[in-house]
Every structure is written in C-alpha cells, then in structure tokens.
Amino acid sequence: MKNRKISILAALLVAALLLAACPQPVPVAETAVEAPASDAAVQGGVWVEGSSADATILNPILASDSASFDVLGWFFPSLLGQDPFSGAIVPTEMAESWDVSEDGLIWTFHLQDGVMWSDGEQVTADDFKFTYDAIASDLVETPRKANLDNIASIDVLDLLTIQVTYEEVKCDALNNLGLGWLPSHLYAEDFSDVMDSPLNEEPAVSAGPFIFNDWIRDDNATVLRNETYWKGAPNMDGWIYKIVPDAGARLAQLQTGELDLIGVQPEQLTTVQLNPDLNLHKFQDDGYSYIGLNQANPENPQAGQDEDGNLVEQDPHPILSDLAVRQAIAHALDYDTIIENVYLGQGYQIAANVLPAVGWAHDPSLEPYAFDTGRAAQILDDAGWTDSDGDGVRECNGCATAEAGASLTIRLQTNAGNTTREDLGALVQDQLNSIGFDIQFEAIEFGTLVGELLGQTFDMVIIGWTGLGTDPNDDSFWHSKFDTPGSGFNFVSYQNARIDELLEQAVSVPGCAAEDRAPFYQEIQKIIHDDIPYVFVTGSVGNTGYSKKFNGTDPGPWSFYHNVETWSLAQ
Amino acid sequence: MVRYVIRRLLQAIPTLLGVSVISFVLVYNSPGDPILIRTFDPNITQETREILRRQLGLDQPWALQYIGWLTGVTLRNGDVVAEFGRQDTRCSFAAALNTTFCDNGAGILRGNLGTSIATNQPVWERLVERMPATFELSVSALAVSLLVGVPLGVLSAVRQASLFDGSVRVLAVVGNALPSFWFGLMLIFFFGVVLGWLPTGGRRTVSLTNEFDLLDRVRHLILPTIILAFGGIAGISRFMRTETLEVIRTDYIRMARAKGVPANRVWFIHALRNALIPLMTILGPTIFGVLTGAVIVETIFSWPGMGRMTFSAAVQRDYPTVLGAVMFFSLLTILGNLLSDILYGVVDPRVRL
Amino acid sequence: MTVAQAHGSTHANLAAEPQLQRKPRTYWSMALHSLRRDLVTLIALGFLATMAALSLLAPVVAGAVGIGPNDTNPDNAFQQPYLGPYIQWRAGQDPLRAPLLLEKAGGVAHWLGTDQLGRDQFVRLLYGGRVSLGIAIAATILILILGVTVGTTAGFFGGVVDDFIMWFINTFVSIPGIYLLIIVTAMFKPNPITLTLFLGLFGWFGTARLIRGNVFKVRALDFVLAARSVGTRNARIMLQHVIPNSLPIIIVNAAIDVGILILVESALSFLGLGIQPPTATWGNMLNRANNFLFLRDPESGAFVALHLLVGPGLLITLTVLALYLIGDGLRDALDPMMKNIR
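Residue numbers (this note's numbering), protein chains in the order written: chain A, 1 to 571; chain B, 1001 to 1353; chain C, 2001 to 2342.
Hints listed in this document are in silico derivations from the structure and should not be mistaken for laboratory results. There could be a bad hint or two in this list.
[Stated by the list, open to error] Quick list of simulated restraints, FRET-style, between CB atoms: (1) 2244/C x 1215/B: 56 to 64 Å; (2) 1105/B x 519/A: 44 to 52 Å; (3) 1029/B x 2066/C: 20 to 28 Å; (4) 398/A x 2075/C: 50 to 58 Å.
[Claimed, not checked] Heads up, incomplete: computed chain A residues facing chain B, CB under 7 Å, no partners named: (5) 231; (6) 246; (7) 255.
[Stated by the list, open to error] Far from chain A, some chain C residues (derived; all Cβ distances over 12 Å): (8) 2050; (9) 2085; (10) 2095; (11) 2301.
Every value quoted in this text rests on a predicted model; they were computed, and no experiment measured them. Cβ atoms here follow ideal geometry from the backbone N, Cα and C, with glycine treated the same way.
Okay, chain A solo, but in the shape it has when bound:
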C-alpha cells in the first residue's frame, strides 16, 4: 500500500543556516586562476564533490535544499543564465534573447533551437509552460508557489517563443523564472504524477552536461557525461556527489584525494593552502552575519500591520527599543578582533544591509560602527543607564523605555552546533558585560530557535542570511507587512513608514534602471544603519578547496562549474 504524502521542502536558507560552508553561488572573487589548458583536451577522469548533506529529491520544482540542487542542477534546462563572475542575468541558457514591452509588463523570450533531451526529444517552450502550470496545479504541493505571484499569464507563442505577462512592474521579477524545466513528455498532462513520479528519484533524461546514473542515499550520487549536451559534451567521464557528514573527515578525504572539492572551514584554510596538490578558491559570499535586536516586547508579539495595511503600534521592547542601547551595543563590539579570531580572518566589516558586491546599490560612504567602549559607556550614561548599586550591571535610572531600577539584562541566543556563532556569542557576551550589560547567552537547538525567531519571543539573536542574490531588494526583512508573528521574516519587528515606502518604490521604478533604483537603496541603507535593527557583524566569505586534477577550472563566485564541459584531465 502506498502512502505518499505531499513533499515539503527544506528551504535554501535552512540549509545555509545549518551548514555554513557548502560551496554556494556567490559574488566577487579573488582567485588565483590557473593558466588555461593549451593543448587538445584529454578525455576521461571523474570529479568527486564532498557534501555534508545528501539531496532529498531530484525534481526542480519540489526540491528546495541546496544539496538537491547540487545534483539536479546538471539535468534540467532553465530559462535564464547567470554570469559566473558578476551574477548578472545573461542569455546563456535556454533564452537566447528577450524583449520587454514599453510598460514593462510583457516579456517575450526567444529560445535556443536544437537543444535536445537526452532521449532525443526537443526542449521547447511547452516544457517551460508545463513546469509553471504544474506549480500552479492543486495536485502539486510545493513552496515554489510564491514564484507565480505577480505573473498574470504564461503563453507559448510557438515552440521557441515564450511570453510572460506580469500584473505589475517588479524589478526583481526575473528571479522567479529561474526554475529548472521538467521534461513534459514524460509526465501526465494533468500533473497527477508530478508528486509521485519515479523520475523524482531517477531523472531519466537530461538536457545538461551530465546524465543521471545512480543514487545511493546518504552515500553517493553519480552522473555520466551527456554526449549530446548542446554546449558540447564534457571531457570528463562523470561527476560524483559524495556524502561525508563530518567536516574533519571531509578535509582528510580532500588531502588523500578521495574527494576533489569541499567547502573549507576557516580553521581548515591553512592546511589547504600549505598543500601543493590543492587549490583554494576564495570569494565574497552573498550573505552576512548579524545580531538581530528585537524592537518589540517579546512578551507581546504583534503584527506590524492590521488587515487594512495600517501600521499597528508595537508594544516596545523594554530595553532594546531604546536607540541609545542599540548604539552602545554597536560601538561596544570589537569587529576587527571578531573577524580575526572568530571568523579567522574570513570576513569583512559592513555598514548596512546592501553588500558591496551589489556595486550599483551599495553605499560605500557609510562608515561601519567603530569599536569604542568609552563612547558606548558614555552613550549609556547619558541615556540614563547607570550602575547605581555597584554590582557591575547597569540599571535604568531615568532611561527612556524601561521601568526605573530595571537592570540591563538581555538574552542572547544562537543556534547550537554552529561553532562560529557560539564563539561569537561568548565574545559578544564578554565584551558587552565589560561595559555594564548582563548578557545571558545560550545556544539552542535550530528548530527551537526558528520557533522563537518567527514567534518573535527573543531579545537578541546571532544569525545570518545567505543566498541573498544580486538584487538588493530585501523587503521581507524590514517591511512592516512582513512583521507577522509566527511566519514573517521581519521578526525584529522593525517599523518605519519611510522604509516601507522606499522599499516599495525601489522595486517598482519604471524601467528598473540601476541608476534610478540606486538612490532609494542608498537612503534605505542610511536609515537601517542609523536605526540599528541589526548589528551587522561581518559579510560572509566562502572558501572552496579543490584538487588540481583537471586543467581549465575557472571558478567564479556564482558558479564553480560554469565551464565544466571544457575541463580536461591534467597529465
């Protein structure tokens, strides 16, 4: 008897939060690029990538964990390509070119001709439409349904032309069209088998550089060269995704040659650097670590907006709603030391929410908060937080937000098992306590932490964002409509009508030109920097260690394998 319930999917962010060091797509690199292979390509060879987690499902619209995409990314064609070095959307995949209507609502994509599934069927506009119709179908349960928001219709003009009509202009709308396409000729027309198809575990056909071969769960997945790949068959025989849960064991296997590529933890860097057989690819990742400061009272979480979209006044946090306290925290942390000792040099200080990698939107004139304990103490003194009983902890003596006599006691939480954040927490606790805070630091289990975060019952939390992508739109962190206890990602209950307005305007600028959008984001950064809903700790840096087995590797921050078909075995 078969009982297949719906599949629910581990989100990209979860994977990223849990496993801070998978080789992920990303911006800006500083890599020692090898001399390109000069002679004729050598056939053969296998590349083995080490991963801490296994894929869960090999269907591009049902999967959402990064491990699944690592494997299924080889098989399914997608509409839009991404420049491996800048992250910009480029016509290198199925869409050869596209036109936009004057009002910016109708997008017409012209597809590559002659791209074939490995069973000989042509990849056409029908596959694209089938995939997005499947997501819309009631028979398919997938968290990807949000990809359809704002899409009015998808029309197939002919086999090689797709027309997408939007309801309103959204400057980051193209991001929703990036999903892999299902081979429509292998699925039932009414989508009834999408959830249960054996293809979800053994994809039969591929239009990418490799064809599925074998998958032994929690052990390895193997793929073979696709002789009919439209960009040219790879020289290597195949690629293996090997599951090695322990980080130390992964490094050991990289050194012995059992693995060819791993994400390198900061404490493992020197070992990789000192090994003459290994390369290191270092890049700025599209994420950052921060300390979130809950602006609202954790005893009384409220939504940021009522049903009509009006702002709801929040019950303020007794301590953290005081801007002076937030400023004191921002000044009390020794960022250089944190980056040097906790992140072992793998980070860089940032001033606000837009990373320098998004060059056109980033405001380089904003100065990050400076480490200055004297100033932090002064701010607290001035704001009425003084230590009147001499126990080393300040109390409220005329402060703005708390009851008189309340001590400066704040909980600080992070997810257990992330050793970097645990170290950061210990350091933050020590540094803040030295200027009169009483920080109660604890690392708690991830699932429980997620509950406290979204439930908005925390005080301060150390966490991070990854996978932010190339568009600076991050309204889900700041807009009051996402301050919804239990589900919204503005869990710090940040509320600022001006920010709401700016975020909305920045994504609906007619024409979406970078220079028109930039001023909005610069103002947003300024306000976020001044209001300190987050204390920004460091921008993320990723490190990938890999073997010198193949010539022609040219890793970009957004893709390690973008030119995999040209790699050739080193002699």
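Place chains B and C on chain A using the hints.
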C-alpha cells in the same frame, strides 16, 4: 517450546504498544515545528505553510494524530472529502456526525510505517535501504569482539591477578573509555592521512560504476570496526572473565583438577564450554547494542547506516521516520532477546522453556 | 540474638571458614583489606579523588590563577601551554620564551595554553570537570535511587506489582537508549539540570532489573525467611536485609555508570546535543578542539591547536578509565567467594 515462543511474542504486543505511545508523546510534544524548519525562507508564504501543515495532519490534536499513525484513519470536522481525497486516500463524509473519515492505507497496525516528511519516501523503504550497511558493520564488529574478547576473558580469569590479567583489564577498559568520536578522528588522521594505509571513510571507493569489490569493502570496514569492536571486546572479555571464574570454582572442575587432568585441558575444554553458555544471554543485547550504538561511528566514517539516518531525522523533525525507526529498533530488540533466550535453552538443557 | 546480628554473623562465619586461625572479620573489613592490596584500583581511586577535589575547588584555583572560565582575550588566542617554557625558564635553558608568553597574556600564566578566544584552558578544564563529573554523578544518584527503589519493590513483592514494573521497564529498554536520548535532547533544550534529569530518568532500567534479580536471590536466603517468620515488617526487611545485601552490586554498577555517563555527555556534545557553550564541559571542549585539529600556522606550518585536544581528551579517557577500573576492583573486593580461588 512453540508455546513458549508464542507466549513471548504475545507478551511483546503490550510492550510495543507502550513503545509507540511513549515515543509518540515524546516526539510530538517536543518544541520545534517540522513545517517551520522546512520553510524558513522569506519567499514562502504563511498560507503555504498552513496547507502543508493541514496536509500532514499536524494541525490535529496529538491524540487524533496518534490514532491516525496507528490505524491510517483520520477524522476531521465538516465535509473535506474534496480536499483530502486522492488516489491513495479514500475519504467519506458522515453527515450525521458532520465528520469526514479518511483512510490513507497506512498505519503501523497494518505494518506500514508511513511516509517520511523529509524525503517523501516510505519510511520502511528508507530503513531497508540502510540496513545492509548497518548489518555489515555490526556483523564485522561483533565477530571481532567475540574472536578477541572471549579468549582474552578466559585467559585473564585463568591467570587471575597476574600481570596478564591486569593488562587485559586495563586494555579492555581503555578501549571503552576513549570518546569514540575523538578516537575515530585520530585513527582517520594517522592511518588515513599521515600513513595513507586505509580509506578515511565511506563504505566503498566511490566510482561511476560502484562495482562490488570485496577487498575494497574490507579495507573500508577496518577502521570503523576497530572503534566499534573496542567496546564489544571490553564488555565480552569482562563478562567471560567473571563467568569463567564462576565455572572454575564449581565442583566438577575441582574434581577434574583433583583427578589430575592437565590444567589447560580443564580450562579450555571444560571451563570454556560452560562459560560460553551464559554468553548467549548477553549476545542478543550486544548485537543490538552494536547495531544501534553506531550513530557516532557512522557519522565520522560517513557510513550510510540506520543510526545516522535516525539521528538526522530527529534533528529535522521528520516525525514519521523517527517513530518508524524507533518502532523497528524496538521490535529488533524484543526479537533479539527472544532469540538469545531460545538459544540459551537449546545449549543448556537445565533451562526449560 | 536479634535478626540484624544473625545477618552479620552469617557472613562472618562464611568468610572465616577457610582461615580459622584468624579472628573472624566482617565482610566490609575483608573487602577493604583485599582492596588495599589492589594497586590498580588504588591508583584509580586516587586519581578520581584528585579530579573531584580539583573540580570542586575550581573557583579557588581560578582565583589563584587570576582568570575566570569565560574571560576572553582574543589577542592571545591559541597560546601554547606555559608549563613547558616555565620549566625551561626555571632551569635556565630558555630565558626568553616564558617571560614573553607571560607578557602577551597580560601577566596571567596560562599553564595549559588558551583556546580560540584566548580563554584559559586549565581553568576551563576544571570548570568543565565540575559540569561533566557533576552531571554524571548526579544522574547516577538519580539512577540509583530510582533503580534500587523500583528494583527492590518489584523483586520483593513479585506478582502483579512485578509484572507491571517489568512491563514498564521492558517497554523502555526496548527503545534503544541512545535514540531515546537523541530524540529528547534534539528536541528539548539541554542544560546541566535537564540533561541530568534525562540521563537519570532514561538510565535506571538496567539497574532496576539487576537489583530485582538480586533481590529474588536474597529473598530466598535463610535469614530473610527467618526475619519474615518472626513477623518483621516488609519495609524493615527491605531496608535492613535486602538492600544491604545488594549493596556490592549497587556500588559496582554506580562506578561504571558514572563512567558511561561521562562518555554519553561527550558523545551528545559531538552530535551537537549536549550542554551548549559557553558553559564548558569536557565533552564540548573536546568536540570544539576536534574542529581545530587541522589548524596550522600559515608561515611555519606547525599545528597550533593540538594542546586543546590533549587536555579534555586525556581527562575524559583517564576519568572513565579510573571509574571502570574502580568498578572492576570493587567487584573483586566485594565478592567474598573470590578469595577462595587463588
């Protein structure tokens, strides 16, 4: 004999029921929401979460969920046949009770452990996939434990309080006293990385064909077996030492010694044979301990076994997988104990079943 | 003759039989006598006592060194142990390194070096010992209380009470303990108190079964029958005869349980389910140090964090080893029958 086995099997039923209630209550009343963990992504709407939660039945009170897990039958207020009825789930609406009854064909009473939330596979299939790996490791660890532990234990009993006895005692406990995750990583470091003699993890050398290669398999087994067997050797040698000491002071051994039978013959023929019998009683639990105690070894050595799967399912709040695995392990324990009791009866005629 | 004396003398007679020329000695003095000759056990006991004392005195020692367990000093991370250079300095071999280390550490002597945040490894080890040993011992006490009470009750009363208790125990025992703990600790937030409770509440089943079996044996002995026949109340029989007779087995088990629990704590830490930082335990210190196994100095290529592995690894191993050896030694010492075979 047959009646004994039947009686024991019948006794197992209330035990398994108890296991199901305890584990279900523990798992379902724990903090952490399986839906939130999977949808911690700004792009996923609250509506989607509610739909997922409803589809999985997680919006129900836990007592109803328990019944659903046990029998595969779920009930809901109102007429929701259209929402929940699908190919594999038959629903019918009882208007008199204003309740919809759905039968999804699962339920552990029917031997169906349900479907994993994380991978959408049947839980049973997930367990079966990993069984060979776990079995392989357990058998090899157990064999080594017995082959080394029994002689060590007997010898140290025979030479009680000698230097040999002391060293065996110390060595056996040292093996048990080392934190296995630390010891394992040290072994990987020295034998794998520094010396390069043995593979550092996994069940086989991965290749595009994954062909079976006995020698390769054995090489991969060595390090994890050493770690697991250390514990077994310590336990078995200590047990054999005590048992042998007890047998040695029985009258018939004294008699044999008094008659002038050579010491070695007495100890290794008469004493060993009798000391082995009680070993049967701990063999069941030992097999089982090796089978389930391997979570850490499986993690360090990237061994795709059942222990690691259950652990990661617990962390991911994959309730059906955790519960299915616990039920399966419980059944194994009960059968293992029964088997060792039966064996005990077979080898020792004094024990009547 | 009271019932209690009857019990004591039964043993004395039994034990004295083969050595009639000596004056009869009690069971416990004999055990002590045999323990005194068991060097391995004595060393183990000494080690354990030292560890326990050091852990108890952790705040005093920390005060003497002048630094707390969670005091960070990031500028002085991964300092190598001060002990070696100090000895060399004292011996006049290397007049430079020790003063330099001391200066860099702001005058604090980090005898066993510092960790990634510049925290003193020695002080953390002592505080870690408090938590690790404390949890293991407290949980063992809980295990003993529950195990002995339930086991004695089941064994003494038998019948329906026994059936019910055994069903309960069998049910829990057939759920593999490590999974029970993993489920519970993965899903609830462990701190020293809750972890002690979990370990205690899920750890007593084996002890209870053992005690029950022993009670069955003891119950049938002559002096218990005698006590019953003169109308002694159940509770009194249990407290005066049954439990004291099970005491050797209880003590032996307790020693081994403490050892096992220290290992369980470290294993849970490895899985990320143990006591969470910044609270130091041997388990989470060792687990964190494991991550730094491959950390090397970029210029010299030397491994810089190996000293972090040695401390907690050695302490866990030696403490557990000591406890096992004590358990073994006690078993031999407390078993009067063992004396006969030499």
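Hints, verified against the model:
no., hint, result
1, 2244/C x 1215/B: 56 to 64 Å, "58 Å, holds"
2, 1105/B x 519/A: 44 to 52 Å, "60 Å, violated"
3, 1029/B x 2066/C: 20 to 28 Å, "47 Å, violated"
4, 398/A x 2075/C: 50 to 58 Å, "36 Å, violated"
5, 231, "21 Å, violated"
6, 246, "5 Å, holds"
7, 255, "5 Å, holds"
8, 2050, "29 Å, holds"
9, 2085, "23 Å, holds"
10, 2095, "30 Å, holds"
11, 2301, "5 Å, violated"
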